[in-house]
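Novice: Each chain, written out:
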Amino acid sequence: MPPSRAWRDYPQRYRLEAARCKQCGKVFYPPRLVCDKCGARQFETFRLKDEGTLATYTIIRTPSQEFAEEAPFALGIVEIEDGVRLMAQVADVEFDELRVGMPVKLEFRRLFSEGSAGVIHYGHKAVPIRR
Amino acid sequence: MRDVAVIGVGMQKWGELWTKSLRDIFVESALLAIDDAGIDHIDSMYVGSMSSGLFSGQEHIGSVLTDYLGQKHIPGTRVESACASGGLAFRLAWMEVASGVSDIALAGGVEKMTDISGSDATYALATAADMDWEGIHGATFPGLYALMAVAHMNRYKTTREQLAMVAVKNHKHGAHNPRAQFPFPVTVEQVINSVKVADPLNILDCSPITDGAAAVILVPADMVSNFNKPGVKVIGSGHATDTISLCQREDLTELKAVELAAKRAYEMAGKKPEDIDFAEVHDCFTIAEIIVSESLGFFEAGGGGPAVEAGETDREGKIPINCSGGLKSKGHPVGATGIAQIVELTEQMRGDAGGRQVDNARIGLAQNMGGSGGSSVVHILEVM
Amino acid sequence: MRVGIIGYGAHIPRRRIKVEEIAKVWGADAPSYKKGLELKQKSVPALDEDTITLAVEAARNALKRSGGIDTRDIGAVYVGSESHPYAVKPSGVSVAEALGATPDCHCADFEFACKAGTEGMFVAYGLVKAGLIKYGLGIGADTSQGAPGDALEYSAAAGAAAFIMGADEDKLIATIDETFSWMTDTPDFWRREHKFYPEHGGRFTGEPAYFRTTKGAVNGILEKSGMKPEDFKFAVFHQPNGKFPKRVGKMLGFTPEQIEVGRVVPLLGNTYSAASPIGLTAILDVAEPGDRILMCSYGSGAGSDAFIYTVTERINEVRNLAPTTRWLLDENVMYLEYGEYAKYRRKIRMRGE
Numbered sequence: 029m030p031p032s033r034a035w036r037d038y039p040q041r042y043r044l045e046a047a048r049c050k051q052c053g054k055v056f057y058p059p060r061l062v063c064d065k066c067g068a069r070q071f072e073t074f075r076l077k078d079e080g081t082l083a084t085y086t087i088i089r090t091p092s093q094e095f096a097e098e099a100p101f102a103l104g105i106v107e108i109e110d111g112v113r114l115m116a117q118v119a120d121v122e123f124d125e126l127r128v129g130m131p132v133k134l135e136f137r138r139l140f141s142e143g144s145a146g147v148i149h150y151g152h153k154a155v156p157i158r159r
Numbered sequence: 258m259r260d261v262a263v264i265g266v267g268m269q270k271w272g273e274l275w276t277k278s279l280r281d282i283f284v285e286s287a288l289l290a291i292d293d294a295g296i297d298h299i300d301s302m303y304v305g306s307m308s309s310g311l312f313s314g315q316e317h318i319g320s321v322l323t324d325y326l327g328q329k330h331i332p333g334t335r336v337e338s339a340c341a342s343g344g345l346a347f348r349l350a351w352m353e354v355a356s357g358v359s360d361i362a363l364a365g366g367v368e369k370m371t372d373i374s375g376s377d378a379t380y381a382l383a384t385a386a387d388m389d390w391e392g393i394h395g396a397t398f399p400g401l402y403a404l405m406a407v408a409h410m411n412r413y414k415t416t417r418e419q420l421a422m423v424a425v426k427n428h429k430h431g432a433h434n435p436r437a438q439f440p441f442p443v444t445v446e447q448v449i450n451s452v453k454v455a456d457p458l459n460i461l462d463c464s465p466i467t468d469g470a471a472a473v474i475l476v477p478a479d480m481v482s483n484f485n486k487p488g489v490k491v492i493g494s495g496h497a498t499d500t501i502s503l504c505q506r507e508d509l510t511e512l513k514a515v516e517l518a519a520k521r522a523y524e525m526a527g528k529k530p531e532d533i534d535f536a537e538v539h540d541c542f543t544i545a546e547i548i549v550s551e552s553l554g555f556f557e558a559g560g561g562g563p564a565v566e567a568g569e570t571d572r573e574g575k576i577p578i579n580c581s582g583g584l585k586s587k588g589h590p591v592g593a594t595g596i597a598q599i600v601e602l603t604e605q606m607r608g609d610a611g612g613r614q615v616d617n618a619r620i621g622l623a624q625n626m627g628g629s630g631g632s633s634v635v636h637i638l639e640v641m
Numbered sequence: 076m077r078v079g080i081i082g083y084g085a086h087i088p089r090r091r092i093k094v095e096e097i098a099k100v101w102g103a104d105a106p107s108y109k110k111g112l113e114l115k116q117k118s119v120p121a122l123d124e125d126t127i128t129l130a131v132e133a134a135r136n137a138l139k140r141s142g143g144i145d146t147r148d149i150g151a152v153y154v155g156s157e158s159h160p161y162a163v164k165p166s167g168v169s170v171a172e173a174l175g176a177t178p179d180c181h182c183a184d185f186e187f188a189c190k191a192g193t194e195g196m197f198v199a200y201g202l203v204k205a206g207l208i209k210y211g212l213g214i215g216a217d218t219s220q221g222a223p224g225d226a227l228e229y230s231a232a233a234g235a236a237a238f239i240m241g242a243d244e245d246k247l248i249a250t251i252d253e254t255f256s257w258m259t260d261t262p263d264f265w266r267r268e269h270k271f272y273p274e275h276g277g278r279f280t281g282e283p284a285y286f287r288t289t290k291g292a293v294n295g296i297l298e299k300s301g302m303k304p305e306d307f308k309f310a311v312f313h314q315p316n317g318k319f320p321k322r323v324g325k326m327l328g329f330t331p332e333q334i335e336v337g338r339v340v341p342l343l344g345n346t347y348s349a350a351s352p353i354g355l356t357a358i359l360d361v362a363e364p365g366d367r368i369l370m371c372s373y374g375s376g377a378g379s380d381a382f383i384y385t386v387t388e389r390i391n392e393v394r395n396l397a398p399t400t401r402w403l404l405d406e407n408v409m410y411l412e413y414g415e416y417a418k419y420r421r422k423i424r425m426r427g428e
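Residue numbers (the numbering used here), protein chains in the order written: chain A, 29 to 159; chain B, 258 to 641; chain C, 76 to 428.
In isolation and in its complexed conformation, chain A is listed as follows (with noise of 0.2 Å):
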């Protein structure tokens, strides 16, 4: 990923910056530039809570390229509150642990890297809650 690319990007996987339909309230995550629910196009800016459930998950055992040291990781789809769902990979769990409904908390990790010369890419990963 070219690193202009990937830096685009850093609000949203930094900070999970999404934003919310000024008009009828829907959260896009990433943002738009208009709503697909009412068409308007003002939104405002804020941050995503960094707790939720896993929606659905899997367990990746044959990766892409970028990913083969990483393997077997787990995959998941994320709810947070707000009715917005995003996708994480499932750190710091016994595959046997997982399943819908989990509570989790978003970590900042290392997404990836183009090997060992190219920019390292970050973001964020769910982890279960246990407390």
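No lab work stands behind these hints, which were simulated from the structure alone. Every residue gets a Cβ at the ideal spot worked out from N, C-alpha and C, and that includes glycine. Don't take each hint at face value.
Just the calculated beta-carbon pair ranges, DEER-fashion [claimed, not checked]:
{"#": "1", "chain 1": "B", "residue 1": "Gly310", "chain 2": "C", "residue 2": "Ala222", "range": "42 to 48 Å"}
{"#": "2", "chain 1": "A", "residue 1": "Cys52", "chain 2": "B", "residue 2": "Met480", "range": "47 to 53 Å"}
{"#": "3", "chain 1": "B", "residue 1": "Glu507", "chain 2": "C", "residue 2": "Trp101", "range": "52 to 58 Å"}
Following the hints, complete the assembly by docking chains B and C onto the known chain A.
Specialist: Coordinates of chains B and C only, in the frame set by chain A:
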């Protein structure tokens, strides 16, 4: 809008075709269709290909293939909608003939996937998903469908075995298909014990990487008698998109694009799901066929798994699905799949399907889908 | 104007590896390592954890304990580490970006073996005290490597601790009453550029390095402040193993009780730039208002930064707003075998390397 019919079909054996280039593969199948129709020229060509650029380093194949087909100077259009490229190419060709712009159109599809490495092919296929918000987290294609499978199994108690039974059924059918890549049966145990890909999917739940092409010829229905073969009429066509990312779907256990494309096709055709005699659907992964069978209205939500277990989608069942062997056994050269579905529908309705023949195949449905359900094209055909 | 810590937090990776597991592979005698180092296990960062990710999570915990300051008021973010992910590109900007402190913020990466964390704390404190910034963040974070089979492999661990410095009276958790630094050129432990593993001078790292330097800083701060060891409730020293902090504490006149809470190394390993900082967070988690704390880091090369803190009333309101260090040490753990550990620490040569 005129009525349009398919009067020629062509498809070579699919597999790892080391000695054949993208051009060879496409032209061979297209010539078979041209010969089948008994024509010598075409007015316009649409070719579906998901990514000739990433797989073969070749864009602009609308030009390349009209040239190599010996149909220089005709309009040539490369159509892309990920794995629905073929179905969409067919729809556009149908539109061009129906509108009167052309009389004889060729709708084809091709993909040459085996020159690049397995991991490069995986990457190319992954570009059908949301690269920035799914791919970056390590989502693979099987991974996205596995996410849907887990949600479906969690809500409807669909079982691992029911998923495997889709592969078993399609291989059983495909064993009768001389052009299939893997024309041999498999068992539920073999599927469940095959190499793990993305839980709960194993390698035998997944359609393969294949080289192949297919082509069909469309003409106005009232010109059918000018040609060799009985015509099969296009009575319904529907196309819909959905969010690119799984995360933004309304419901993780549904394929809205399929539902809407089917609804539009049924409406145009004046038909309901019960009217369909048999179908070719997009079983890129076993779970896909189960969800699609529900989206097409053949079964209620959650009923897809039990239906395949009860044999309802077998060739002799209530609604035979994928008698060609589906993507699973036949192969999945991405851009060609949608066209191959039309080839199967046509041969079934001509009574030419040999060991795959469905009794009384009068109305057939073809459902083609792109990515994790970001797009879908549905066609309904009827014997004339 | 009183200046001090207005938020603190630690973050430790979940995975651990026991001394026995490492000793087994290299044919070493585990019991003698455990006894000699007073160390049972160490933390191991996963493939997706590095100095930046640990620093961000520690800083987020510190923000929770600050009662929610506006991150745009953070005027400086300093990350001290000897395992910064990039040789050129600062860890500080990634942390500042993740916290929302950018763009009007000062960032710098610090490096001074194990003392880089306290350097960041010292400079952040100094800028607040000088009135140049409102809040400053000093973080010590490391995911250091130990050469396979070497003594350091048993202890080189990963972790982070973050401290937000400020002067808001209603936010102070612990005031910084005195600082003192003591530096000399002492080549006890080093790593040349492009080398994966560090080198060390064996026994030279002890008396002439760690002990001499720590004593220099502690005696200096005691003299400067006019205090004696008895005046403190807690003391935390750099902890490359379980023995050194006990011994230097004794040499300086501190009791085992004063040292024990901050001596987190037996279950954690040596987290290098985070070592004494994490020890400090463990102390703050249990300290009472009015308790006085002495902290002295040590970085090979060599130098020590000493601090004197006094805990305020506010500690009771904030300590449970984020995971306690004890919870991070005792409960949030997953054990690894050596093979997985080697894969996570990228000690296995991959294709293309």
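Novice: Check the structure against each numbered hint from earlier and tell me which ones fail, lowest number first.
Specialist: Failing hints: none at all.
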